[in-house]
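There are 2 protein chains.
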Amino acid sequence: MTSFPSSGQLDPAVLRSRAYLSRVAEPASIPVWAFVQQVGPVAAADAIRRGSAPASVGSATEARRDHADPDIDLETAQRHGIRLVAPESSDWPHFAFAGLERCAIRRARDHERGPFTASGSGEPVPPLALWVKGCGDLAGIGVRSVAIVGSRAATPYDEHVTADLAYGLGGRGVVIVSGGAYGIDAVAHRSALAGQGQTVVVSAGGLDRPYPVGNAFLFERAAESGLVVSESPPGCAPQRHRFLTRNRLIAAFSTGTVVTEAAIRSGAANTAAHAFTIGRPVMAVPGPITSPMSVGCHALLRREPDAAQLVTSVDDVMAVVGSIGEGLPVAGLGTVLDGDLRAELDRLDPTARRVFDALPSRRPARPDELALRSGVSAVEVIRALPVLDLADLMDVSDAGYRIAARLRPARRPRTG
Amino acid sequence: MTSFPSSGQLDPAVLRSRAYLSRVAEPASIPVWAFVQQVGPVAAADAIRRGSAPASVGSATEARRDHADPDIDLETAQRHGIRLVAPESSDWPHFAFAGLERCAIRRARDHERGPFTASGSGEPVPPLALWVKGCGDLAGIGVRSVAIVGSRAATPYDEHVTADLAYGLGGRGVVIVSGGAYGIDAVAHRSALAGQGQTVVVSAGGLDRPYPVGNAFLFERAAESGLVVSESPPGCAPQRHRFLTRNRLIAAFSTGTVVTEAAIRSGAANTAAHAFTIGRPVMAVPGPITSPMSVGCHALLRREPDAAQLVTSVDDVMAVVGSIGEGLPVAGLGTVLDGDLRAELDRLDPTARRVFDALPSRRPARPDELALRSGVSAVEVIRALPVLDLADLMDVSDAGYRIAARLRPARRPRTG
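Those protein sequences? They're chains V and G, same order as listed. Just add 387 to wherever you are in the first sequence, counting from 1, and you've got my numbering. Just add 387 to wherever you are in the second sequence, counting from 1, and you've got my numbering.
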């Protein structure tokens, strides 16, 4: 068997299973994601292929279960310089997907005994795998990144605003995240690149088929310093529903989402809705009230109970997303741990345990502070935080992270 | 002596004293206002004329005290169809000035032993008198009125927005309040009149000298159904500081203030600041972030801790100011009553007492409900509310008025 491209040393069976899952299931299916979480990717892929998966998983996958060939997909990917990144990979963006994961766990529990209701715009659930091109830091995405979203049919006003923000933010080291469409998406990427910034293009179709073709060169440029990402395998057409489910990834990849212009119902408003769902800050740029393309922004600014924040400049956006990871709710991996504290701590991997030991009990610390305190790298800290959060070992607030309330103010538990 | 034009049966000595005070003192002087409140207008005018007023009052009035001739001012007014309205008049806008009065009482107390500091934009203090032209309902102003303020050098965008709002609000029976300048002021008045609405022009100079002259015909039209008002006597030039102090009257006359366009420092922003000071809702219309003329609006929308409300339509404004008097903080007349409850109630005039007796102890009532419950006319209710509020007999909330917390939940006190 060919050695397929994946990041880090990933078990080939896991890689092939993730590729298969990515092909058989449409994006954003909670039943499929929950099943994979429960039994693992290899057993899940086998069960789907044999037709022995639970009914909700079976119905979501039966159309393609006999036709999917992960080896072909992985070979095609390799030919196009595309690699497959799985949750088991070392560079899976745990931090970015923490909000989606928390939502998905909650919804999966809510629906445990009832049927899942499909949502047109996609459930908030992490992808089963990511197809990736480019040199950017996938694992760290979401720590200091801003989605800029607007209209395909952008007005000159919107293009001007988007260009200013993307150029300025890119120049300040903020990764710009957007789709790959003409209009605002393209302006955002181009302007960030012009400002020596990195960009992440989140595509709705397979990366071997740049869509629209007119932006193919832009995607190549984006991949040189940043990333081009899709949850759909090579060859997938960018169908309408894939744009809507794709939007949740744009929101997830971003510390905050800026809507520069949006009609009242639009892809940009849909991305903002995803950001609200996973608890990320949403910002909106006001515009003329006489322009239908600003109606969506004004609606976001008046949204009850949580309105978008009004931004008019790079400084405004930096004030919202400037601190590393600050203000981000983080979520969990795996299942909630039970049993007494010692058992809980014993289940932590050594890195998570070091981060736990570095958590302050009073003043919350930010990830960079935790890195200093623990001697664990910032990226490793960011990966460990969701584990500690879901194990209820840690409290998260706008100010940062500290030891969970149930473990305070009694003396902080150490080894035993 | 000629019978000078005033509304209702006002003691001629009071009328002449108020005319004199209006002439000798520049607008918005807290020392002068407090002195007049303390000793009454006749004694205050006498003391100023004789040079026996307190130092802070003397210094604010000495320049004109020997030159002011109220008879000449009243005669000039009469020739121009201008009447003088005093706080002692039956149509004094007590409701509109309640917020200013509360602020002025507080500031006067704060400064009781220290010198007053003059403020460039005018202290929040009611006028000593009003010079008025027109047939509109002065006493009821502020109950259902909206200030629309913007730039003299308005952009086409602002003119369009202002015209839409003023026309629509005027057509819904909302009185439009603004200054008399070219630009947004004029567009607001013209559009309200076009929508069969009433308007109130608040002038910075004497009403015998329409300023700018080009708007003279507009002022005449405004007076036919509405009002043209100034706190400066006939002949006064509209000097710069009078525009700033005038702005507090625009805010006071309005249930809420809408800023349609404003540079970061502007008369419109100054009017909004007055509205915030007296606790009236401020609304702002967003615009292109590329326009310097919208910067003031966006600043208001992001103001901490109380931001202006974003409005884009007549419906939005109606949602903020639609209910009669709802949401308005009201303030008080005279001084806080002391002593036991019976003594407090005995000091109320019969109308205020009837309104007090109609106050609910639980669910707050609006003025129109209180009118129904008490059998007192809505206008009389509106005049009585500030008295009850300052006597601490009543609580005011966004939902309306009810008996003061200190008188709840014990059985509601009646006659004794």
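In short, the hints are calculated from the structure, not lab data. All residues carry an ideal CB built from backbone N, CA and C; glycine is no exception. Mixed in with the good hints, there may be bad ones.
Said to hold, decoys possible - Stretch-level coverage of chain V by chain G, calculated; a stretch enters the list once three of its residues show a Cβ under 8 Å from a Cβ in chain G:
| id | region |
| --- | --- |
| 1 | 467-473 |
| 2 | 541-553 |
| 3 | 679-690 |
Stated by the list, open to error - In silico negatives: residues of chain V with every beta carbon more than 10 Å from chain G:
| id | residue |
| --- | --- |
| 4 | His454 |
| 5 | Arg496 |
| 6 | Gly558 |
| 7 | Ala581 |
| 8 | Gly582 |
| 9 | Ala603 |
| 10 | Ala650 |
| 11 | Ser653 |
| 12 | Phe663 |
| 13 | Ala730 |
| 14 | Asp733 |
| 15 | Pro747 |
| 16 | Gly762 |
Here is how each hint holds up against the structure:
1. Here the region 467-473 of chain V counts 0 residues with a CB under 8 Å from a CB of chain G, which misses the bar of 3, and the coverage is violated.
2. Counting residues of the region 541-553 of chain V whose C-beta sits closer than 8 Å to any C-beta of chain G gives 3, which meets the bar of three, so the coverage hint holds.
3. Only residues whose beta carbon comes within less than 8 Å of a beta carbon in chain G count, and the region 679-690 of chain V has 5; three or more means the coverage holds.
4. Distance to chain G confirms histidine 454 of chain V as a non-interface residue, since its nearest Cβ pair spans about 50 Å, more than 10 Å.
5. Under the 10 Å C-beta cut-off, the non-interface status given to arginine 496 of chain V relative to chain G holds; the minimum distance is some 38 Å.
6. The beta carbon of glycine 558 of chain V is kept farther than 10 Å from every beta carbon of chain G, the shortest such distance being approximately 19 Å.
7. Listed as outside the interface, alanine 581 of chain V is consistent with that label: its C-beta sits roughly 19 Å from the nearest C-beta of chain G, beyond the 10 Å cut-off.
8. Residue-level check passed: glycine 582 of chain V sits 19 Å from the nearest beta carbon of chain G, beyond 10 Å.
9. No Cβ of chain G comes within 10 Å of the Cβ of alanine 603 of chain V; the nearest lies about 31 Å off, and the non-interface call holds.
10. The claim that alanine 650 of chain V is not at the interface with chain G holds, since no C-beta of that chain comes within 10 Å of its own (minimum 14 Å).
11. Here serine 653 of chain V stays apart from chain G, with its beta-carbon at least about 17 Å from theirs, past the 10 Å limit.
12. The claim that phenylalanine 663 of chain V is not at the interface with chain G holds, since no C-beta of that chain comes within 10 Å of its own (minimum 18 Å).
13. Annotated as non-interface, alanine 730 of chain V keeps its C-beta farther than 10 Å from every C-beta of chain G; the closest such distance is 46 Å.
14. The beta carbon of aspartate 733 of chain V is kept farther than 10 Å from every beta carbon of chain G, the shortest such distance being approximately 47 Å.
15. Against the 10 Å criterion, proline 747 of chain V stays outside the reach of chain G, whose nearest CB is about 28 Å from its own CB.
16. With a cut of 10 Å on Cβ distances, glycine 762 of chain V stays outside the contact zone with chain G, its closest approach being about 39 Å.
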